[in-house]
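> Based on the hints, put chain B in the right spot on chain A.
There are 2 protein chains.
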Amino acid sequence: MKAYHICMNVRKLKKIIEVAGGKSPADLVIRNCRIVDPISQTVSEGSIGVYDGFIIGIGDYEGKRVVDGEGCFAVAGLIDSHVHIESSMCTPEAYGSLVVPMGTTCVIADPHEICNVRGVSGLRFMMNSSERTPLKVKFMIPSCVPATEFEDSGAVLDSEKIEELIGEPKILGLGEMMNSTGVINCNEEVLEKITSAINKSKIIDGHGPMLKGKSLNAYRVSGVLTDHECSTPEEVRDRLKRGMYVLLREGSAARNLANLLEAVNDGNSRRCAMCSDDKHPEDIIANGHINHNLKIAVREGVNVFSAIAMATINAAECYKLKNTGLIAPGYMADIVLFKDLKDFEAKMVFINGEPVAKDGKALFPLVNRVDKAVTHSVNIKPVTSSDLKIPLKKDMVRVIGLDKYSLNTVLQKRKVKIVQGCFEVSPEADIKKLFVIERHNATGKIGKALIENYGIRNGAIGTTIAHDSHNIIVSGDNDRDILAAIRELENAGGGITLVKDGTVIETLSLPIGGIMSDMDAFSVSKKMERMKKTAHEELNVSTDVDPFMTLSFLALPVIPSLKVTPRGLFDVDKFDFVPMEWEE
Amino acid sequence: MKAYHICMNVRKLKKIIEVAGGKSPADLVIRNCRIVDPISQTVSEGSIGVYDGFIIGIGDYEGKRVVDGEGCFAVAGLIDSHVHIESSMCTPEAYGSLVVPMGTTCVIADPHEICNVRGVSGLRFMMNSSERTPLKVKFMIPSCVPATEFEDSGAVLDSEKIEELIGEPKILGLGEMMNSTGVINCNEEVLEKITSAINKSKIIDGHGPMLKGKSLNAYRVSGVLTDHECSTPEEVRDRLKRGMYVLLREGSAARNLANLLEAVNDGNSRRCAMCSDDKHPEDIIANGHINHNLKIAVREGVNVFSAIAMATINAAECYKLKNTGLIAPGYMADIVLFKDLKDFEAKMVFINGEPVAKDGKALFPLVNRVDKAVTHSVNIKPVTSSDLKIPLKKDMVRVIGLDKYSLNTVLQKRKVKIVQGCFEVSPEADIKKLFVIERHNATGKIGKALIENYGIRNGAIGTTIAHDSHNIIVSGDNDRDILAAIRELENAGGGITLVKDGTVIETLSLPIGGIMSDMDAFSVSKKMERMKKTAHEELNVSTDVDPFMTLSFLALPVIPSLKVTPRGLFDVDKFDFVPMEWEE
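Chains as they are written, first to last, in this note's numbering: chain A, 1 to 584; chain B, 585 to 1168.
Just chain A, same shape as in the assembly (with noise of 0.2 Å):
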């Protein structure tokens, strides 16, 4: 099913050649089809011969096997030009039994979390489990493990290993490079594994929010062609300006599409392409995947043809991905027979000319198989409730004050009671206990805050999915239930838990990397809903936040503004570690 179009020999060429000629039967024609070539923006009705994994030609041919699209639209198949496979908290395997069946045959996957965690293994990890779906998963090394130097990783990809690595096949760049401060101001290392990717002629991705003028230039002129973290019109159109590709980005927490399609154009769309960062499995459900991106795209009055070939043969080019994003002779025969050109529901689906997915489901078994290379993650110093004590030197402090619907925090100056010398819960005020345990190499690190807003009463809640470094981050308004949380998490090898009144209600395990589950999708989802109506109605989390994410993006320091890692309490304005008291 993995077949490129790599090595090529004269009789397998022959074969092709003498199948397009007519000469001799395809392996599969899909008759009754509308088919759209979002060049020509032209709709015709005709057959699609596939022969040997290739489309060789539209037209009347011979088939083995013929079947009926049913006038359903053919399209290429969809490209989602930059995913966090791991946001799904599934495998690439159940990951491909996911978005295969909505039409998506290829993504350029950055696997920025589970190397946060594992490293080289990690990447090896979702190479092969790919390797057992048909989805054509393509990877960028991430280019900022650890996201930060304020945190504490699992591992550590440095210049070094990027050189080691980028050469690969499989590899078509350098992931986004995130620290866009450190290319504009020539950070050795970082400027060193871009050249790695220069030199071996390597896509490298950017990451630019808020970036202009001369800053924009700078982080441009490095080598970086892309960025998927455009939030208004006015950065799309900076960036187009600078020769960039702009990957329009339709997540489950940054929802960015609508708002930026004001910037594109005919002229310009070609240069975008769509993609979906990071998107939660009950989001893909509920949803699609890049489906839902021409969706929205369509609706918002994007000419057709313009969405479908940002969807498919923009993000082909800009990924130099060989003959993929066309339905035309000489192309991987790469199909989605959609049932029209509004909701971009998918009837049937086929890759390398398999048909992979009929009516919403996957016609390939999910195997899913776990590694021990990346499972047992885990490795904490014993916690004691006695490491759960924050003491205080005085009643004024710094509360991380949950916004709502948003992944950005406020810095609150909070009066708050203390017994003993150390932080009480108090029932006045819903101020709560929340900690960041480092848990790869048991340092024992323990980074300590308070949260305001999240809610959570007689029980705790704990993940080991923290961006970006996936230490334990837990939450309660009593110790007991904060440690058991912390053990449960332990025991299962990552996971997210629930804990009321000393017991585990419900745990997610995700014993890869304790940010992905083995099972498929659509139980994670399942399991997913029913621990988020468990966490709001019997732990009280406020209604206004997710009780998981929030937790998830309070560890990740470079989003405002105030956050908190292993090493304690972070201001992302002043960039710097803060103490919890409050200076006069």
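FYI, nobody ran anything at the bench for these hints, they're computed from the structure. Computed from a predicted structure; not experimentally measured. One thing to keep in mind: the hints can contain errors.
SDA-like mimics (lysine to any residue), calculated; alpha carbons at most 20 Å apart, straight line [what the hints assert, rightly or not]:
hint	chain 1	residue 1	chain 2	residue 2
1	B	K745	A	M8
2	A	K448	A	E583
3	B	K786	A	V10
4	A	K12	B	G766
5	B	K997	B	E1165
Quick look at chain B alone, frame taken from chain A:
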């Protein structure tokens, strides 16, 4: 001048980033420009900063050197996506001096002609010569040397040679695959050549006039990406629908552009590029080069941004030219300042950030070094007057009828005068002798024919430019002058010669392979213009034929209808040799 973004190091990258960030001055700032962005489809006033051959940004930069753009339109350097430089009768160096001042900064050259004469030495000469001009010359290896099996070329580039050469970095791929029949019929040797290109990830240029339907599919699936031989809008559409690039041609003989533009729209134009294919020096001097294509396109109503994209970024994308084709940070500083976007007259040209032309004049010297490996290419067995006799068994014969202003010929059935068993020129009819003399390996092969409508009287005209094998081709109304022309060509080591009444009137010497001059383009053009005038006025060549180009195509056995090679008369419709005498 020839620096490319190939070997990057941290020190160099650092400097580029610093300059782009405004922390240290640019090498050059071109201020007061109207910068054209064919992707964003905008024209914006501003300054372009350049450092180390790259554009580092558009904006308020300080430069060690400042050039006033005088309000001109700044466009990325123009790209000729398919050219046989030899058709200019100039070396790449001289060609560079001619076209760079017109705004061309890069050409994709297929040295098909010189390789037919001298094989790999011809290719090497072209590559070496191109190092001595700032014009960026990228090469395709000719795929069809010899062009047909009915010709006697000076060299053969077989599949083994192609395999040996195609991996070289300056070689972008396999040149126009003229043997479309060979492809479609799966000729082993042809497929070997194609396979080499595919396996080295190289481009394959097509040449598929009139192909359609399944034949075109078969041709396309072989890996052919481009076609520059379209002569109808339908052919353009057919190829674009097959995921191919169409190179829109405006040459000296084939002036297809205006006609083809009907098929080009804002959607599909991204897969179109501009080319000249074959263009004579006098034509380039009179009308321009790719800037002429732009002028025609805009005149014909093509959106100016689409037109510019076709002449720049589209070609760069098609041929995978790195960092080429836009005025944006990170792109090579190949920039043309046009006075307007209507006539596209270049005010200034920059290549890799260096000013290379101003007001139509090159700012660099022309060296024009000749290489022994490509000179002395006329090697014939001595020809005597008895060789020029045309014995005929009967007086009803096949005659090559010249068609007005066309490269096609007409097969004419004519009754001619026979004296002592041989053809004799008769004053009643304009039927003259024509000889094609093998001139590479002194085989003594002489093809004989009769031509009608050439008009020549009291003399002979000979040339060593005879597509595609470039043997000697000579026509005249008397043997003495024909013999003198042959001798002159032999002595000159190739060229074009006019003989009248036993005396050589003028010869354009073409010492390089018998097809290229060692002079500059302006001298060649002037001489050609004068000799053309002489041919018409003093040798009486019909005013409705080009005295030289007509001869040059009479030995090419792929253009209808009757041609002649050193092996004899060739009926292109029958695709076989035929006797001169008409069968009953």
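> The structure should be examined with respect to each hint, and the outcome stated for every one.
Status of each hint after checking the structure:
{"no.": "1", "hint": "B:K745 / A:M8", "verdict": "18 Å, holds"}
{"no.": "2", "hint": "A:K448 / A:E583", "verdict": "18 Å, holds"}
{"no.": "3", "hint": "B:K786 / A:V10", "verdict": "16 Å, holds"}
{"no.": "4", "hint": "A:K12 / B:G766", "verdict": "16 Å, holds"}
{"no.": "5", "hint": "B:K997 / B:E1165", "verdict": "9 Å, holds"}
Figure legend: structure checked against the earlier numbered hints; every hint is met.
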